[in-house]
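Visitor: Letter by letter, the chains look like this.
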Amino acid sequence: MSQHYVIVGAGECGARAAMALREQGFAGDVTLVGGESHLPYERPPLSKEGMLAELFAAKTIATAERLAEAGIAFRGGLAVAGIDREGKRLEGADGRVIGYDKLLLATGAAPRRLPGVEGERIVYLRTIEDALRLREALGAGRHLAVIGGGFIGLELAASARLRGAEVTLIEALPRLLSRGVPEAMARQIEARHLAGGVKLVFGDGIAGIASGAESAVVTLASGRRIEADLVLVGIGAVPNVTLAEGAGLAIENGIAVDRHLATGDPDIFAAGDCCSFPLEIYGGRRVRLESWRNAQDQGNLAARNMLGAGEAISSVPWFWSDQYELTLQIAGLSGEGTTVVRRELEDGASILFHLAADGRLVAASGLGVGNAVARDIRLAEMLIGKRARPDVAALGDAGVKLKGLLAAA
Amino acid sequence: MAQWIEACGAGDVDEEDVIRFDHGGRVYAIYRSPEDRYFATDGLCTHEQISLADGLVMDDIIECPKHNGRFNYQTGEAKGAPVCVNLRTYPVKVEDGAVFIEV
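For the protein sequence lines, the chains are A and B, in the order given. Residue 209 in my numbering sits at position 209 of the first sequence; the count goes up by one each step and never skips. Residue 59 in my numbering sits at position 59 of the second sequence; the count goes up by one each step and never skips.
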């Protein structure tokens, strides 16, 4: 009888995994289950060009035709209530049952909520509907309050300013992007936002938000009050683990998987934002990554391993963010480094290389206009993957090509 | 009608590298392979129209700088997600130290 592989979660990771099963020659049945009714779509543009484009159109990852061509059954708008591991079947909230031979959980992550704060004027960004609401509220003469100085908050602050709205961004810590971005680079980004007219508030917590008919009022711990038309909360994301937890799978900052993306159940895998996994290039440290590339890579890897490839996770963490004309790209985990080396590129672009105490390159963070840093960050990513110990002077010298260092590594 | 256009000097493209060439409202990418041969493709990634000349050339692959979409620059073939549409390629000739492409 034909095998049935089911993927729960139709975001970047799940959609990629479904396509990858076919690319790998899987001839059985493939069902892709999405909680949203939309066809799989790209989320990164929601906070960037999706906010700025004249007409909003979500970019589809896989069209209905393409899914049909690949023989992938897409079940959108289906909430999965539980997994019967014994009977190897999914139970839909509507009573429908879907049997599986192998299951991939690509359930993603959801915005972290501000506890006890609800209201019409308080928004989170995860879906097309969220993005559309934000867009409508971000014209000239409007005021957006952003809570949280992470990627989502900053990208939306930039987009809102470019659309003419006033923006006040509130960050509880003393600086922006304190998770994963080197301080020197975060300060450059801060300067760009200040130049762009964003009002920044640091080191103040949220005491409460009142969402009224005409406006919302954010009261800070210091007592300061900020009135806005809309409040965007961007304080991180939490992995969607309810389904896995209910099925008795191990949870450890996400669905805990091994280096093959397998859970404790040999027929259930997890991949993307929802799972934590051991990262061998950093000594097996367990991490969970919320990034587009990770979703792509793990979708592909999960598909191969569902088919028995037995491949270990080998990719290097990689992130990017677009704000105004600037692009930030980061390969690796900068927190693992003890030494920082700066490489100055043309037109004000620069790269910070982080090296561990043993000289191993562990991260590279680049900031510049457009794609000024892309090539070097990509090469740095490969150097990190090779566990290279590049010469410090060469790293700092823009005249020395990283390609040459890679060839020598 | 097809015509040969001078795109750049042969020495303008480093070995195993790529440069951008704009002509007639279109963007092209000119490549020099590790074997010192020249190739030309459309210069924008078919995924999100990013200039491929900011990308990385490795062997016969050009990788887009934004989302790492990969193409074989000698054939234009898309090599997997996130790109699925091939690049157009153009005939190339080198004469008197200049690279010409037929567009």
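Think of the hints as simulated: they come from the structure by calculation, not from any bench. Any given hint might turn out to be false.
What the hints assert, rightly or not - Pair ranges (Cβ atoms, derived): (1) B/His23 with A/Asp391: 32 to 42 angstroms; (2) B/Asp36 with A/Ser2: 46 to 56 angstroms; (3) B/His23 with A/Gly359: 43 to 53 angstroms; (4) A/Gly348 with B/Met58: 22 to 32 angstroms.
Built from N, CA and C at the ideal position, the CB exists for glycine as well.
Visitor: Hints the structure violates: just list their numbers, smallest first.
Guide: none
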